[in-house]
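S.K.: With the first letter of the sequence shown counted as 1, position 231 gets the number 231 in this note's numbering; the numbers rise by one all the way through.
Please keep in mind that the hints were generated in silico from the structure rather than gathered at the bench. All values derive from a computational prediction rather than experimental measurement. Check each hint, because a few of them may be wrong.
Below are the EDC-like pairs computed for lysine to aspartate or glutamate, each with C-alpha atoms no more than 16 Å apart in a straight line [unchecked claim]:
hint	residue 1	residue 2
1	Lys-139	Glu-390
2	Lys-139	Asp-393
3	Lys-231	Glu-219
4	Lys-330	Asp-127
5	Lys-358	Asp-127
6	Lys-231	Asp-279
7	Lys-79	Glu-329
8	Lys-256	Glu-228
9	Lys-358	Asp-55
10	Lys-248	Glu-264
11	Lys-53	Glu-356
12	Lys-111	Glu-59
13	Lys-246	Asp-279
14	Lys-230	Glu-219
15	Lys-57	Glu-390
16	Lys-196	Glu-219
17	Lys-123	Asp-149
18	Lys-196	Glu-228
19	Lys-196	Glu-216
20	Lys-404	Asp-75
21	Lys-248	Asp-279
22	Lys-76	Glu-59
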Amino acid sequence: MPHLEKSHTIQSTYPNYLLLIKNILAMNVKFKAHLFIFSLFFCYNLSAQEIVKGDFKNENPQSSYVPSFDMDATDKPVKNVILMIGDGMGLAHICSGMYANQGQLTTTNLKTCGFVRTQSANKFTTDSAASGTAYSTGKKTKNGALGMDENNQVIPNLPEKLSGYGYISGIVTTDNLDGATPAAFFAHQPERGMSKEIWADLPNSKLTFFSAGSYELFEKQAPNVQKEIKKEFTIIEEPNDKAIKKSKKLGYLPTKSKTASVNENRGDFLPSTTQMAIDYLSSRSTNGFFLMVEGARIDKSAHSNDYSAVVREVLDFDKAVEAAIRFAEKDGNTLVIISADHETGALALRDGNIKEGKMKAMFVSKGHTPIMVPLFAYGPQSKLFGGVQENSDVSNKILQLLAK
Numbered sequence: 001m002p003h004l005e006k007s008h009t010i011q012s013t014y015p016n017y018l019l020l021i022k023n024i025l026a027m028n029v030k031f032k033a034h035l036f037i038f039s040l041f042f043c044y045n046l047s048a049q050e051i052v053k054g055d056f057k058n059e060n061p062q063s064s065y066v067p068s069f070d071m072d073a074t075d076k077p078v079k080n081v082i083l084m085i086g087d088g089m090g091l092a093h094i095c096s097g098m099y100a101n102q103g104q105l106t107t108t109n110l111k112t113c114g115f116v117r118t119q120s121a122n123k124f125t126t127d128s129a130a131s132g133t134a135y136s137t138g139k140k141t142k143n144g145a146l147g148m149d150e151n152n153q154v155i156p157n158l159p160e161k162l163s164g165y166g167y168i169s170g171i172v173t174t175d176n177l178d179g180a181t182p183a184a185f186f187a188h189q190p191e192r193g194m195s196k197e198i199w200a201d202l203p204n205s206k207l208t209f210f211s212a213g214s215y216e217l218f219e220k221q222a223p224n225v226q227k228e229i230k231k232e233f234t235i236i237e238e239p240n241d242k243a244i245k246k247s248k249k250l251g252y253l254p255t256k257s258k259t260a261s262v263n264e265n266r267g268d269f270l271p272s273t274t275q276m277a278i279d280y281l282s283s284r285s286t287n288g289f290f291l292m293v294e295g296a297r298i299d300k301s302a303h304s305n306d307y308s309a310v311v312r313e314v315l316d317f318d319k320a321v322e323a324a325i326r327f328a329e330k331d332g333n334t335l336v337i338i339s340a341d342h343e344t345g346a347l348a349l350r351d352g353n354i355k356e357g358k359m360k361a362m363f364v365s366k367g368h369t370p371i372m373v374p375l376f377a378y379g380p381q382s383k384l385f386g387g388v389q390e391n392s393d394v395s396n397k398i399l400q401l402l403a404k
């Protein structure tokens, strides 16, 4: 292939494409043909990565909570851990929520922060199953696997490990219970799509509390699976103080699905159910508890490149964070960790106005990316979670703190 002079250098931007065509015409015929084929491939790939722009204006800013930090980053023993996962929530997603909320979030009011590397055992860009398993087990696995390693061998999860030390555990999510992230904390299946098998793992799990999706999905499971689940858990469709009080283990599956976007009138399900889970577990634990809370719709909104929904989901997730931080502040023995399983959408901010709550952004992808995700922590021992770490490290540090 002939040497390309500086005037013939191909640059990866659309404005230079016309110059590229002009240069092609000035070259010899054979090289013209080769380069023309390349240019068609080049432009196809650019069009496949179409940039999607989005705007948002926050008409109703919400308050944020600033704790006292009296017990933050101390060496005091940890009794309870609340792990909060904003599915797909990268730094730009958090910045979007913060700037649109007049520069404040409860999450960003915290002092301890770091970053998490999310690569799976077999892919540079993880999926939720592999990252969820890393958070739940402390070991990396292949994409698609839930609570199993690359050879389909079972890996014990945090609820299972901690039960041996007298801890009880729970999960809350705006996804269905068989969604990859929540399932990683109780199921052991080689593929995330094995919904029936995931539900069948629930009765034998070490969960004391769960809330997700809807009762309608539960009713679609095999009769024997429903029977086994009801044998282990009191299942409620609406908050019921009497049933809650009598139960030894509780499953809250709303009559009306809560997996819809907060834009579609999901209401305060995530923050209110986070509070329900905290109240339930703290009232029944002697040694302490572990709770995983997932804001699942941040990811789904980013997959759709729906910027308005992304910001609203981040704000809703931050309300759940506030419930956890307020409890930790009052309790004094609770560590709260806020992070994500991966980034979704390759989101970037274009402009904004903090005072007016206006934001302009753009997505460069409709999928996951390998970008590191932020981590925030509050409570005793929070300093262990600063800096850059693997998602699997977070799980191992939690176990290190509680398994004493």
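S.K.: Each hint needs a verdict: does it hold in this structure or not?
M.R.: Do the hints match the structure? See the list:
1. Lys-139 - Glu-390: This hinted pair holds, its Cα atoms lying about 10 Å apart.
2. Lys-139 - Asp-393: Since the Cα atoms of Lys-139 and Asp-393 sit roughly 8 Å apart, the hinted pair holds (cutoff 16 Å).
3. Lys-231 - Glu-219: holds, 15 Å
4. Lys-330 - Asp-127: With a Cα-Cα distance of about 36 Å, the restraint between Lys-330 and Asp-127 is violated, given a limit of 16 Å.
5. Lys-358 - Asp-127: Distance of about 31 Å is beyond 16 Å: violated.
6. Lys-231 - Asp-279: violated, 23 Å
7. Lys-79 - Glu-329: Holds, at roughly 13 Å.
8. Lys-256 - Glu-228: violated, 23 Å
9. Lys-358 - Asp-55: Measuring from Cα to Cα gives roughly 7 Å; hence the hint holds.
10. Lys-248 - Glu-264: Judged against 16 Å, a Cα distance of about 33 Å means the pair is violated.
11. Lys-53 - Glu-356: Judged against 16 Å, a Cα distance of about 19 Å means the pair is violated.
12. Lys-111 - Glu-59: violated, 28 Å
13. Lys-246 - Asp-279: Between Lys-246 and Asp-279 the Cα gap is close to 14 Å, so the pair holds against 16 Å.
14. Lys-230 - Glu-219: Holds, at about 11 Å.
15. Lys-57 - Glu-390: Cα-Cα ~35 Å, so violated.
16. Lys-196 - Glu-219: Holds. Lys-196 to Glu-219 sits at ~12 Å (cutoff 16 Å).
17. Lys-123 - Asp-149: The given pair, whose Cα atoms are some 14 Å apart, holds under the 16 Å limit.
18. Lys-196 - Glu-228: Distance ~13 Å between Lys-196 and Glu-228 Cα, so the pair holds.
19. Lys-196 - Glu-216: holds, 14 Å
20. Lys-404 - Asp-75: Distance ~14 Å between Lys-404 and Asp-75 Cα, so the pair holds.
21. Lys-248 - Asp-279: holds, 14 Å
22. Lys-76 - Glu-59: violated, 41 Å
The earlier numbered hints that this structure contradicts are 4, 5, 6, 8, 10, 11, 12, 15, 22.
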